[in-house]
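Q: Based on these hints, arrange chain B on the given structure of chain A.
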Amino acid sequence: MYVVVAGGGEVGFHLAKALTEAGHEVMVIESDRRRAQWIEEQLGSVVLNGPADEGRFQLEAGCARADAVLAVTGDDAKNLVICQLARHNCGPHGRVIARVNDPKNEIVFKTLGIDETVSSTRVLMNVIEQELPTGGFMPLMPLTGSHLELIEAEIAAGTPSAGKRVRELALPAGATIGGIVRGGKVVAAADATLEVGDRIIVFSPTAAEQEVRRALYG
Amino acid sequence: MNVLIVGSGRVGATLAGMLDDEGHAVTVVDVDRASFAHLPATFKGTTHLGNGVDLDVLRTVGAERADAVLAFTQGDNRNLMAAQIAKEIFGVKKVFAKVNDPIRAQIYRAKGIVTVSRTTVLAVLVHGMLMGQTEVGEILLQRANALEREMAHAEATETVAG
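Keeping their order, the protein sequence lines are chains A and B.
Residue numbering for the first sequence follows the working numbering, beginning at 3 and increasing consecutively.
Residue numbering for the second sequence follows the working numbering, beginning at 1038 and increasing consecutively.
In isolation and in its complexed conformation, chain A is listed as follows:
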C-alpha cells in the first residue's frame, strides 16, 4: 500500500516507521524543517517538508495515487481540513482517516464528510471502562459509509436488562441487537431473553450510543 502520513509528530513518525517496517510505501508531510530532517535521518527519503493542509503539497506527496491519507497532527481543525482537501485533491478511491484529539469531534468530522476517525482518548477510555464493574459496554468500530457503529455489551450479574426480553428493551430509534454470544455460540436476538453472561452485539446510530447504554444498564 502507498500511505501518505500528514504530520510528522510522535504519532506520525511511529506510524510511518511501523508502516515502512511492514513493507508499505510511505510519505510523511511535515512542515517543520528540522523535524522533517530528523525523520529523514531515521527513515530515509520518505519526507516532504511542507504544510500538509495545502493542496499542492498533498499532490506533490502523491495523494492522487495513495491508498490512504492519514491526518495525524495534534490539531483537530488542521486534521479536518487536511482530510477534506485530500478528498478534494485525491479522488474517491483512497481512504482518508483522521486522528481526532477531542472525542466529540468524531461526530463533527462525520457530519462534515470524514467518516473514518480514530480518537486515542476514546480508545483509552474504552480500555478503562472495560475494567469497571458496569463497564462491559464497548463501542467496537464505526461502520464506514454510515452514521452507525458496532457496540459490544456484556450482561453481567446485576445488570438491569438481565432477564428482560430483547423486544422489551427501550432501545433508541435505529438501534438493533444483531446477535447474542452465549456459551461461545451465536443466538438470534429477536425472541431471546437476555441472560447473565451474554455478550450482545448492537448496531447503533453513533449519536445514540449513550441511549443504548441507558437501555441496557439503566
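Do not rely on the hints blindly, as some may be mistaken.
As the list claims (entries may be wrong) - Here's a subset of chain A near chain B, in silico, CB distances under 10 Å, partners left out:
{"no.": "1", "residue": "Leu82"}
{"no.": "2", "residue": "Ile84"}
{"no.": "3", "residue": "Asp104"}
{"no.": "4", "residue": "Lys106"}
{"no.": "5", "residue": "Val120"}
{"no.": "6", "residue": "Gln212"}
The set of hints was computed from the structure by calculation and includes no laboratory data.
Glycine residues also receive a C-beta, built at the ideal position from the N, C-alpha and C atoms.
A: Just chain B now, kept in the frame of chain A:
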C-alpha cells in the same frame, strides 16, 4: 441581526464594533482574554472566553440562534472548522470565514462557506490603486477610511475622558 464572531483579533473585533454600533446583537468568542482588548470601549455585546471550534462552546454561546457566524481567528483551519460546524450542525444561514490561503478559500467557497482571503483582496485592491483603476476599490476605500477616522476619533475622545 444576531451575530456570533469567532476570534477577537483586529478584524473580528473591528467587525464586532461596527455591528454593535448599528444595533445588532453581537457575541464574540476567543480563547485569549487579552484579545478582547481589541474591542472598542463602547462595545455593548457579549464576550465569551472559549474555543470557537468546540461544539459545546458554540452551543453555549447560542450558535443555533445566530443569523450569522463570522469566523475570524488567525488560523485558516480553525475558521473553516468553526464555519462548517455553524453551517452543517447548527444550520446557520450566513457563514463567513477568513481564509488567507487563496486555494483553500476557493475550494470551501464551492462548499457554501463565504470565504474572504486577505491575500487576494489586498493584492487586487493595491494593484488597482497602483494602476489608477480607482473603480476597483473606490467604495471600499471610502468606507474603510471613514471607519478609520471614526476609530481614531473614538480613541482620542476616550484618552481625553480617561
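Q: Among the hints numbered above, which are violated by the structure, and what are their numbers in rising order?
A: Structure breaks hints 5, 6.
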